[in-house]
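Enquirer: Sequence:
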Amino acid sequence: MGLGTPLHDSHVSAGARIVDFGGWDMPLHYGSQLAEHAAVRRGAGMFDVSHMAVVDLAGDRTREFLRVLLANDVDKLKVPGKALYSCMLLPSAGVIDDLIVYFLSESSFRLVVNAGTRDKDLAWIREQAGPFKVAVVERKDLAMIAIQGPDARTKTVSLLPLEQREAALAIAPFFGAQIGSWFVARTGYTGEDGFEIMLPAEDAAGTWAALAAAGVTPAGLGARDTLRLEAGMNLYGNDMDESRHPLESGLAWTVSMTDPERQFIGRAALERAQATEMDQLVGLLLEERGVLRAHQRVLTQGNSSKEQGEVTSGTFSPTLNRSIALARVPRGVDPSVHVEIRGQLHAARIVKPPFVRHGKILIQL
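Read in order, the letters of the sequence shown are residues 1198 to 1562 in our numbering.
Simulated from the structure, these hints should not be mistaken for lab results.
Note that the coordinates shown come from a computational prediction; the quantities given were computed from them, not determined experimentally.
Glycine included, every Cβ here is placed at the ideal spot set by N, Cα and C.
Mixed in with the good hints there might be a few duds.
Calculated pairs, DSBU-like style, for lysine-lysine (alpha carbon to alpha carbon, straight line, at most 30 Å) [unchecked claim]: (1) K1549 / K1279; (2) K1557 / K1352; (3) K1273 / K1330; (4) K1352 / K1279.
Ranges between beta-carbon positions, derived for each pair [claimed, not checked]: (5) F1371 / R1214: 27 to 35 Å; (6) E1507 / G1412: 35 to 43 Å; (7) T1455 / L1517: 42 to 50 Å; (8) P1328 / R1469: 20 to 28 Å; (9) R1323 / L1562: 41 to 49 Å; (10) A1407 / V1209: 16 to 24 Å; (11) A1407 / E1474: 47 to 55 Å; (12) A1232 / K1549: 24 to 32 Å; (13) K1273 / Q1498: 21 to 29 Å; (14) G1540 / A1407: 48 to 56 Å.
Could you put together the complete structure from these sequences and hints?
Expert: Shown next, in the form of structure tokens:
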């Protein structure tokens, strides 16, 4: 038995298939992963993401601390409630984790980090926070529900605390939040609009049931993975980890080097990496029947070991009715490649992700 979220009993009573995910018992699906995927693309689906760690930072030097801790620059955050996506790096520039940071006030910020990395994340954050006298508090009292899809916001707003409803609908897209008794963020991991709500753990089960009654479909980890991959979003441990830096993981856009005075952890290593030839993270579309999976070899026309790549994440895309992947390959390779699947070579094409966003197919089939 793993750890259970405040919604564990709700998942079990709904007949979910429960699997281990980073030490947590989480729903893989509730019967049909394809139906759950379609609900998010066409209407509204909800995910229990309470296994992720919500971490509050407080202290007069919190902004200064985050300017050092994160590769992206928190000075972009000017308005309370605004959020920023960033990586947290080792001195080698390897990715410890990717996270979202929310600006609450000049002395208070909130981080949301991944479930599988929470222990090492918290240890690293606390170690780095010491010299800045920043308090680091994990909010174990909170649950987190993601409601995603074109109808997600309208189906959710009537269930929010009365005093937050109007403000929640006014949150600008994307990476904004409305701060109140519930923390309502216009963020997500599916390529669709919606909310991620942090609320008291004791309110979670009742809110989940009310959302279901409002026509929001419960969805599990399986649909979450196919949705995020269609949206071209990285998964920690697959598409990035401590052995790879953001520039070779499709995350250059999350690194800010515009301020030469901001010496964030990993900056020196990234500056050295910029002067070298590095691999790139690309999208793959399989041209034949088959399913792309992590660790499959990608062979280019050159076909030498130096010109080979590897699938980092792969799946069958319900929206495209084709197999898609993210893969790390050498720069400058020809778009026509082959992927080795069970000892056989299958034709594939390099494309620029995302594959699907806001219900629209963005690549040529």
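Enquirer: Would you mind marking each hint as holding or not holding in the structure?
Expert: Now for the hints, and whether the structure bears them out:
For the proposed pair K1549 and K1279, the alpha carbon gap of about 28 Å is at most 30 Å, so the pair holds. At most 30 Å may separate the alpha-carbon atoms for a hinted pair to count; K1557 and K1352 meet this at roughly 21 Å. Taking the CA atoms of K1273 and K1330, the gap is near 23 Å; set against the 30 Å cutoff, the hint holds. Between K1352 and K1279 the CA atoms are separated by roughly 23 Å; this keeps the pair inside 30 Å, and the hint holds.
Restraint check, F1371 to R1214: a C-beta distance of roughly 31 Å satisfies the suggested window 27 to 35 Å. The beta-carbon spacing between E1507 and G1412, approximately 41 Å, falls within the hinted interval of 35 to 43 Å. Take T1455 and L1517: their Cβ atoms lie about 37 Å apart, and the range 42 to 50 Å is violated. Range check, P1328 to R1469: about 25 Å between beta-carbon atoms, so the 20 to 28 Å window is met.
Between R1323 and L1562 the beta carbons are some 48 Å apart, a value that agrees with the proposed interval 41 to 49 Å. One distance hint, 16 to 24 Å for the beta-carbon pair A1407 and V1209, holds here, with the actual separation near 19 Å. Between A1407 and E1474 the CB atoms are about 54 Å apart, so this pair conforms to the stated range of 47 to 55 Å. As the Cβ distance of A1232 to K1549 is approximately 29 Å, the hint placing it in 24 to 32 Å holds.
Remark: the range hint 21 to 29 Å for K1273 to Q1498 is contradicted by a beta-carbon distance near 41 Å. A C-beta distance of roughly 51 Å is found between G1540 and A1407, which places it inside the suggested range of 48 to 56 Å.
Hints 7 and 13 from the list above are not met by this structure, while the remaining hints are.
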